[in-house]
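What follows is the residue order along each chain.
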Amino acid sequence: MTNPWTDIKNTDLVIVMGGNAAEAHPCGFKWVTEAKAHRGAKLVVVDPRYTRTASVADYYAPIRPGTDIAFLMGVIRWCMENDKVQWDYVRNYTNASFLVREDFGWQDGLFSGYDEEKRDFDKESWDYQIGEDGFALTDPTLQDPRCVWNMLKQHVDVYTPEFVENITGTPRDKFLDICAMIGECSAPDRTMTSMYALGWTQHSKGAQNIRGMAMLQLILGNIGVRGGGMNALRGHSNIQGLTDIGLMSNLIPGYLNIPTEREVDWQTYLSTRSFTPLRPGQTSYWQNYPKFMVSFLKAMWGDAATEENDWAFDYLPKLDVPAYDIMRMFELMNNDRVNLYFCQGFNPLLSIPDRGKVTAGLSKLKMLVVMDPLSTETSHFWQNHGAHNEVDTASIQTEVLELPTTCFAEDEGALVNSGRWLQWHWPGATPPGEAKHDTWIMAQIWTRVRELYRTEGGAFPDPILNLSWDYADPGEPHPSELAREMNGRALADVTDPATGAVVVQAGQQVSGFGQLRDDGTTMAGCWIYAGSWTEDGNMMARRDNSDPDDVGMYLNWAFAWPANRRVLYNRASADPQGQPWDATRPLVQWDGTRWGGYDVPDIAPTANPTEVGPFIMNQEGVSRLFTRGMMRDGPFPTHMEPFESPMANVFNPRMRGNPVARVFESDVARLGDSSEFPFVATSYRLTEHFHYWTKHNPVNAALQPEFFVEISEELAAERGIAKGGRVRVWGKRGQVWAKAVVTKRIRPMTCDGKTVHVVGIPLHWGFMGAAKKGWGPNSLTPFIGDANTDTPEFKAFLVNIEPAAEEPVA
Amino acid sequence: MNIDPSRRSFLRLAGAGVAATSLGAMGFGAAEAAEAAHVRPFKLATTTETRNTCPYCSVACGIIMYSRGDVKAGETAELMHIEGDADHPTNRGTLCPKGAALKDFVHAPTRLTHPRLRRAGSDQFEQVTWDEALDKIARALKDDRDANFIATNDDGTPVNRWTTTGFLAASATTNETAWLTYKTVRSMGIVGFDNQARV
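So the sequence lines, in the order shown, correspond to chains A and B. The first sequence finishes on residue 810 if you use this note's numbering, and the numbering steps up by one all the way, no holes. The second sequence finishes on residue 1199 if you use this note's numbering, and the numbering steps up by one all the way, no holes.
This is chain B alone, in the form it adopts within the complex (with noise of 0.2 Å):
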């Protein structure tokens, strides 16, 4: 759900009203005209707004992100701006450094944007192809999976444990993500499974 055109469409809107009608007032209506047609539009008044909470501490500071383009409607979205959102009971608008600074992460240069393959021994990374990657790990998965499953232990006991491949999850996924992460995970048998909780 992109926001609803809200308080803040409406003060932006009001706030242009406001200058028009005062300028108009004073007897400035043809100076308006000329100011107006030189005047940069302001930034933002076209952009797309959509909720989101700071993805760094467990605050869950409310952020509003305004981009060109909307997602939504299947348009190419670019992140021109990100700050608080006055609405959220918690941080009411406000961000510390790190908040602050969240739209330069999203564009940080170190952002991964191709699969890359380091093989065996190699000084670099290659590009490779998602239908690449993604084969080579389901084969090494199964194979692994197969050669060192656990059926039952010595006692006979089905264990259904596998514990030479690990997964360790992250701390900034959505929970869908985590859910979908524990099926998978747990439906192949691995116990080597954990978060990053502790650190």
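The following block holds chain A by itself, in its conformation from the complex (with noise of 0.2 Å):
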């Protein structure tokens, strides 16, 4: 989120689409209701299901899943046409008036550049025109046909609401209505807040969708405002911590990344990430990356990173191909050429797509080592459950440790939520039996792989034998330790390159990212948590909730990162001259010689509104409302169908799903059409579950004991299901039994002609727990994500249904 949930009372516009917080994030969605009470704001929900977000709402339209590009883009031709635009925000805090290259270009659903073959653009077109100055060349006056402005109004103006209507399902009239709520948005004084979740995320154009509603804000000058923002509200309890932490193939905390194969050394790495200022006098944050990435590679190998051996950098390991996401590396365990897998408190075989797969890949491991509070189905793969997990157990030869984890009552450390707010939290209950932290854990393995390896030698031991270790017992650092190693502290006295002052002395904690240098005389773990445990203690543990003025900032309550700013991109909450836009929603502002107000501000101290850009991490020092080659599917979104879609791409019939997305060969004949399975699937959460956890707890399972499917009357009636009936539902990849709830909450759609029906899968039942048997979406999904993330297109699929008798029992 670039605001926190606390902030959403000052909105006077939510609109949710891609998520269904009123169920998947009940006590956060609580600040909506207070926007629309005491604000009169207004709620609007666009969903392919009437969910209980939708129930509250004061406007709600239906969509086909899958199509929310076509509707966005719709809604960014509405106000251009309609001059619903806040003009002094795309003009000075967007790139509106850079000019595009000449050569690129867009046709048939395709940008310029596409290799069919490779399943790959070159992007080499997709930038700016850059003058002799090394300077990106610019129009103010956005009369030039190739300002991103001009090329922007081409590329959406094909999105009438004609169009909308028949890509969407959506009905125009209620398309209009809510464009109309939204540009009212455009006043300076009004804002909107888009909040999403994995509705969004979960298509092979996810992050596209994302970028859709993100231009969409920009041009209603709607972030870093109060009440506004780009709201992901993330699915589980740390996840952005763990991606923070850089928890993935390609990723180095505080979104660092680890080289390539191409990056042959350090100087060729760096050179890719020089980020020069592409306007005079922009800050271009990132130019400050080396500091950032020298002192993670001292917090790794300590006295071991010199600068003699490009600080270790050698020492990291460098990829031959994108990610080794998880979907790889199954696709990898089917072809035999993976032998050990971990899974710490995940259950791929419920979470992962094409559950099929998912099983022969475990079924080839040598050894698979599962740590988990809980007993889960991934643990118990290679158990037969009849229908619900039917497997040869005599043939499958994986070995399987099941290891015993704390929970969270039993742990102590930081959690970071949706809003960026890193929370400490304490250990109140005894673990059970012989349950352990997962700090232990890791650290028995580790320190066991070392000794193997000081004693008995072996591959490139260095990384392993030089790795920081510095904790007062080796076997189980304390969470106090790593967070204040994660924060970073100085080796050597750090001086103030401008007056020769000391700011932090040796041994001390960094109170800033500020503080930190290329020249190994500072460590951090984790650049952007600088800040969060300094010389004055554990800023995560603070539990001020003052808020002056009721803005609702909190800014003594815990840490946000960065440094514990709480609105991303606050600057641009003032105008131009520093100002606010709304002088009732002040946020940050210009006094004539330095920034303050209620946030901290998202800018240097001393920086003059008028000379430097708010969006001081982009080179352009302005948000960009065309992302150069930045994203792997376009510098604008275009209308893509899902992988398995009843309609074939309006542009282009022969382009399926999203272009580059990555599909294995093995896959391909794993698709499915809608001649044979002609109803579009949708997963989703219910209030009362959370994923496959609280099926074990008695409680939750008594609340929702039962794997259901959600289908509408008009389908019910076209195939004979009775309310509350059986059923089958089955697609290419797989099939699972349910019992149908029929309901008035899910209409069938037209679209261009066609009727539309969508089958809701809720997606918390598994064969281990408290709850019935049952099953997950995953038994009916594709293994194909999203082009520039690799996440699952879990939320438009394919499958058929028929009344069933009950489910064969093994």
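All the given hints hold, so there is nothing to weed out.
No more than 27 Å apart at the CA atoms, straight line, and that leaves these computed lysine-lysine pairs for DSSO-like:
(1) K744(A) to K754(A)
(2) K436(A) to K1136(B)
(3) K436(A) to K1072(B)
Estimated spans, in silico, between C-beta atoms of each pair:
(4) T455(A) to E1132(B): 15 to 25 Å
(5) Q508(A) to T1076(B): 32 to 42 Å
(6) N556(A) to A1073(B): 24 to 34 Å
(7) E261(A) to E1132(B): 34 to 44 Å
Because the hints were derived from the structure by calculation, they are not lab data. All values reported here derive from a predicted model rather than from experimental measurement. In this text, a Cβ means the ideal position worked out from N, Cα and C, and glycines have one as well.
Need the complex rebuilt from these two chains, each delivered in its own frame; the hints are there to steer you.
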């Protein structure tokens, strides 16, 4: 989230698309209720289902799963056509005036540079025209036909209300009513907030869904302001933290990158990360990349990371593919190329698409290690549970170790919520039996591996033997030691380059990432967490809930990254002179010499607003309506159908799904089409359950005991399905049996003259725990993900449905 | 940090005081003593209170856990009750149907209590000691790494990559667990590294 949960009360319009906060984030959703009750805010919900969020909305419209880009580009077109644009914001804070290269273009659903064989774009033309001085060319009058604004106008021209209705199934009058409500928020004193979650990310073009709304929010001037923002609600309690700390194939903590093989050495690696400003006088804060990177390498390898060995750069693995993400790993398992696999609190047997493929992959491992507080389906993948897990146990040669871990109540440390608050928590219960902290387990495994390398030698032991491991108890590092390591400290006196004064003494914790250096005098495991554990102590444990003037910022409650900032891009809440767009909702402002206000300003404290742009992380100093070559599937979002869809792509019938999404060869034959599977399915959560955890809790298992699917009365009539009757739902990759909930909450839609039925599939059942045995949607979903992030396409796929007798018993 | 004697304990004490005073004022001193002799003490009065956050969605509601016994004092502590933290800016004491049932998640019948091993082809788990489990894992890691580690690619560039072992991290472990996990996984050169961000 760019803004905290508590800021939602400041909004005028909440738009929920791609999420269902009332059910999935109930206590955060209270802030929507607060805005409605006390500010007169309106709530708009656009969703294939009439959800519990929709039930309290001021306006609801249905949409066919997987067509959000068409809807959003339609809204942008409507705003441009009807002059619902925050012009001062667009002119000054976006790249609307930047000129795009002459050879960039779009036709037949594809941007320039497409290579069908490689399933990739040559992105060279997706860039600005660069002048001889190295800066991008601009036309502040927005007259040049190649300026981003005019390129965007041209790009969205096709998304008329008629076109939107045809693609999305959203009735034209409803679409136009919503456009009018959104358009009002282009006024400088009105703001809209976007709340979304996996309903937008779990598509083969999920990142472009979010881009679409971010662009709209920029056009309305709603980024950086109170009651505005792009608010990713996030699904799990610390998935923000685990991503911040870079627990992904291609990441280093703080959104730095693992090198690829093309970056053969440290200098080459740095040369592609110079982040030279693209306009005069701009901050381009990523120019500090080397400071964060060297501080990370010092945190990892301490004294073994020296200037002479390029800070142990070669200790890092280098990638030969974009990422060994989870789906690639299961593909490799199926190809007999993975031997050992660890699952730390992760239940892939139910979470990863195409369960048949997941089971086959796990069955080919030599060893699977599961660390979990609960007895999961994954640790029992080899156990036969009849139709619920039909496997030949004796033939599965995988050894499985199941290790009991503590849960939240028995553990200490910080979790990062979706508003980027790092909140410390304390243990209040003794772990059951021999359950152990994850930190103990990881330390025990690792120190044993290190000992084997010490005594036996082996393949390149240096990064293991030299890993910094300076803990009071090497067998169980304390959370406070680990938190301090992530914050970072000075290894020698750190001085201010301008004055020579010592800003932090050797051995002391740094108080912010501005003190980090690239000369080896500082270390920090995760630069964006600098400031979380300083010489003043644990900032994440702060519990002062005062909030001057009730703005909703709570600056002394816990710690928010970066720099305790609560609203990202908050500099943009003020106009080009540094004064609030809306005098009733100030956030930060310029007093003629300095920035100040209710939040930590997202700009250098003395940066003159008339000279320095507000989007300091970008080389442009402004935000991007056109993203250059930064996304794999285009600098603007363009409508793409899901890989399994009842309709061909209207721009290009040959194009299936996202033209650059990765498709493994073995999965091509596992994709279905609408002749065999005529109905669109989508997955979701229920408010009584959390993922696959709460079915282990007898209370939640009693609240929602049994797997069901939701269908419309019309589809039930068409297929002869009785209310509460059993049904079989099947697709190209598998089948499930469920109780049918026949409901008015899902209605058939009409797209291009064709009736589209939606089947809703909640995701909380399996074969372990206290609830009745059932299935998850992953028995049905395709093994394909987003082109940029590889997030699997759980929200739009094809199935068929029929009445069934009781499910077969093995 | 367990919470200080806060507004909550203050209210609890104050509440008891009000009851006693009112009864006394009405001339029920003796009755009060008799009453106190058989009234069961308030269950949470003798518990340890600990601040925590809900482990489910990322709203991160504040919660207060009530335990018999104090972990910080080295005692065995049994969790008895969980409620929303009224001081928390986001949830202000409220909890959803999941958070309200958290205590029973901690005490779920399917919580794991001992390391277990399922041998190749077997149809059951058997209990093993931590040492057996950890030594077995360390040996398997070492052997697989030594056999499959890729030190350089065909061009002779150091790549220090290990692709035959993978690690899936979670979504609800602490930052501190995450950092320790990061260090160990990366130092070994594992690239098949992922978390639950996408699902």
